[in-house]
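Read top to bottom, the protein sequences are chains H and D. For the first sequence, my numbering gives the first residue as 898, with consecutive numbering after it. For the second sequence, my numbering gives the first residue as 13, with consecutive numbering after it.
Check before you lean on any hint, since a few could be wrong.
[Stated by the list, open to error] Derived lysine to any residue pairs resembling SDA-like cross-links, with alpha carbons at most 20 Å apart:
| # | chain 1 | residue 1 | chain 2 | residue 2 |
| --- | --- | --- | --- | --- |
| 1 | H | K943 | D | R326 |
| 2 | H | K943 | D | A325 |
| 3 | H | K986 | D | A325 |
| 4 | D | K389 | D | M39 |
[What the hints assert, rightly or not] Over the 12 Å line for every Cβ pair with chain H, so calculated as not near, a few chain D residues:
| # | residue |
| --- | --- |
| 5 | P24 |
| 6 | L84 |
| 7 | A138 |
| 8 | M154 |
| 9 | L161 |
| 10 | A197 |
| 11 | V283 |
| 12 | P324 |
| 13 | P365 |
| 14 | R385 |
| 15 | P402 |
Rather than coming from a laboratory, the hints here were simulated on the basis of the structure. Ideal Cβ positions, reconstructed from N, Cα and C, are used throughout, including at glycine.
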Amino acid sequence: MSKQTYGLVAEFDSPGTVLQAAEKARDAGYRRWDVFSPFPIHGMDKVMGMGNSYVGWFAFIFGAGAFIGTMGLIWFCNDYDYPILIGGKPMFSAPMSFVPSYILLVLGAAVGAFVGMIALNQLPRHHHPLFGSKRFGLASRDKFFLAIGANDPKFSEMEVRKFLEDIGGAHIELVEDND
Amino acid sequence: MNRNQDKTPLPPPLNLSGWRNLPLVLMVIGAGLSLAGLAVNREEFGYSWLLAFMCYLTLALGALVLVMIHHLTDAGWSVATRRVCEHIAALLFPWLALLFVPVILLATHIYRWLTLNPASDRALSAKWPLFTMPGFCIASAMFFGIWWLLTSRLRSWSLKQDETGDALCTRKMRFHSGWGILAFAATVTLAPILWMKSLEYQWSSTIYGLYMFAACGWTALATVYLVAALLQRQRILTDVLHGNQFYFLGVMFFAFTLLHAYFDFAQYFVVWNGNIPDETFWYLIREHGSWWWICMLLIFGHFFAPFILLLPARAKVTFKIVLPLCIWAWLMDFTDMAFNILPASGLNRGGYPFHWLWLQFGCVAFMGGLLARVFLKNFSSHAPYPKRDPRLHEAMGVNVEPDEMADTIPMREESL
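Next up, chain H with everything else stripped away, as it sits in the complex:
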């Protein structure tokens, strides 16, 4: 197993300081960086330039697929494959089929959102290089972290370390990727 550099991570004490640090990282032109905090920080998505999540598309496609699939199934069973005339009612009728199709639309959209969220987050995974950092566990308690990845086009260990020091980061640590 080869040891690769994952990136550099710096620690901050408050949401305000990490927000300012994020602004500076953005302005310095870094592309592959991320912020870790115990709770959502107002305005962070805007600073990081994050757009709307693609989860909605998963929900839409799964939901629409479930709706059309259910409609198709009802039509196939009742009207095409094995039609039985009951009480003179129509073999296929949109209002009747709408309700189960709609219910499965809701289910499909929920499953789609769940699957989409898992897939977009690249889950499940057993380990993350950042867990190698001793202090990183505090990201779920009272500390805020900003990491700049080694895959950033501007990454060089000396410069990034200096940059993180300049923007007020403490306990700057080089994180290695052992995978």
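Once you have looked at the hints, place chain D on chain H.
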């Protein structure tokens, strides 16, 4: 999340001085057409008048419920648009009550059950004494009485707060919203049933009140969105509209699009599935002739088009999409009300009475002109938003920390 006006500078205010006389012009033209219609055919006039009245009623009732929801949920963002809603809701009394008088005067031409003998009709005798002329008038007076009490209390406490800035006013408005929401639920159900559904008194649908409530909310949200966008452009609400408000209004507009379709479909589905002649006749009438195409227009224009257009998050704050949709929503509300009211008349069984469109336009124009004049007069004589509301800073997006906590809470809003 979306602050569209932060990215693009607000375009310069529109010069609206040329439009100043529009309400008056509409009133004059509308009055002329309405009087001509009254002279030609009383029944058609009665139906057209009722149709126009119900359109504006849904708007005013929707504005009323927005005000009450604001107080009951202790909302901050909707402070900015609350004054607009209060003024629209206040049109309920006396103006909409006055506009209802012709309906009472022409009641025997509109409501067939007034001319029938209850003893000979079980569907009618079961509804005695509500479905009699005195019952009709007393119930209508009660609805307007409740709305008068509610809208006048909510507005006067709100205007009082402009002067005193007292938090007591907020508590009073919350109190009136508390009983008001229950009274609203009762009246928004009973009033359309008595005035609109009773046109076909044999018919019953227990979801009718909810269906009308969704129509009220939908129309009012479209109107509030449009008015707020205009007032922002004119630099009247610019300071208090924080961008998120348009997103929230858009989300609610979208939600009510779904809600209306849900109730509408539920009503259809229950009638369709039940398959009882006493209920299905209502839809059978509405599948005749051009009414079929009105059905399709409602399915695709009232639901699918707004639903698909408003689905993306960004679309809800894109004025180029939402503002035309708001105007479209008025048209669709009119169509929806026409779908409910007009086929009840024997004259309109074969299809939509397109040759009476001028009369319907006349009634809508007259009432619209009158109500717009009243609204503009009220709006311009008071502050455009509740200027001393305790939650105004939330609407403005200003982060006001409590004084004693100023040292412990880090600054975080200055960069936004």
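We went through each hint and held it up to the structure:
Between H:K943 and D:R326 the alpha-carbon distance is near 14 Å, which keeps this suggested pair within the 20 Å criterion. Taking the CA atoms of H:K943 and D:A325, the gap is about 15 Å. The hint holds against a cut of 20 Å. For the suggested pair H:K986 and D:A325, the alpha carbons sit about 42 Å apart, so the restraint of at most 20 Å is broken. Under the criterion of a C-alpha separation no larger than 20 Å, the hint pairing D:K389 with D:M39 is consistent with the structure, at around 15 Å.
Against chain H, the non-interface label of D:P24 holds: every CB pair exceeds 12 Å, the least being about 27 Å. For D:L84, the condition that its CB be more than 12 Å from all CB atoms of chain H holds, with the nearest at approximately 26 Å. D:A138, annotated as away from the interface, keeps every beta carbon of chain H farther than 12 Å; the closest lies near 29 Å. Remark: the non-interface label on D:M154 is consistent with the geometry, its nearest Cβ contact in chain H lying 37 Å away (cut-off 12 Å).
The non-interface label for D:L161 is consistent with chain H: the shortest C-beta to C-beta separation is roughly 41 Å, beyond 12 Å. Listed as a non-interface residue, D:A197 keeps its Cβ farther than 12 Å from every Cβ of chain H; the least gap is roughly 26 Å. For D:V283, the requirement that its beta carbon stay farther than 12 Å from each beta carbon of chain H is not met, with the minimum near 10 Å. Chain H draws D:P324 into its interface by the beta-carbon criterion, the shortest separation being 8 Å against a cut-off of 12 Å.
Residue-level check passed: D:P365 sits 28 Å from the nearest beta carbon of chain H, beyond 12 Å. For D:R385, the requirement that its beta carbon stay farther than 12 Å from each beta carbon of chain H is met, with the minimum near 42 Å. Look at D:P402: its CB is around 21 Å from the nearest CB on chain H, clear of 12 Å, so calling it non-interface holds up.
In summary, the structure is inconsistent with hints 3, 11 and 12 from the numbered list given earlier, while agreeing with the others.
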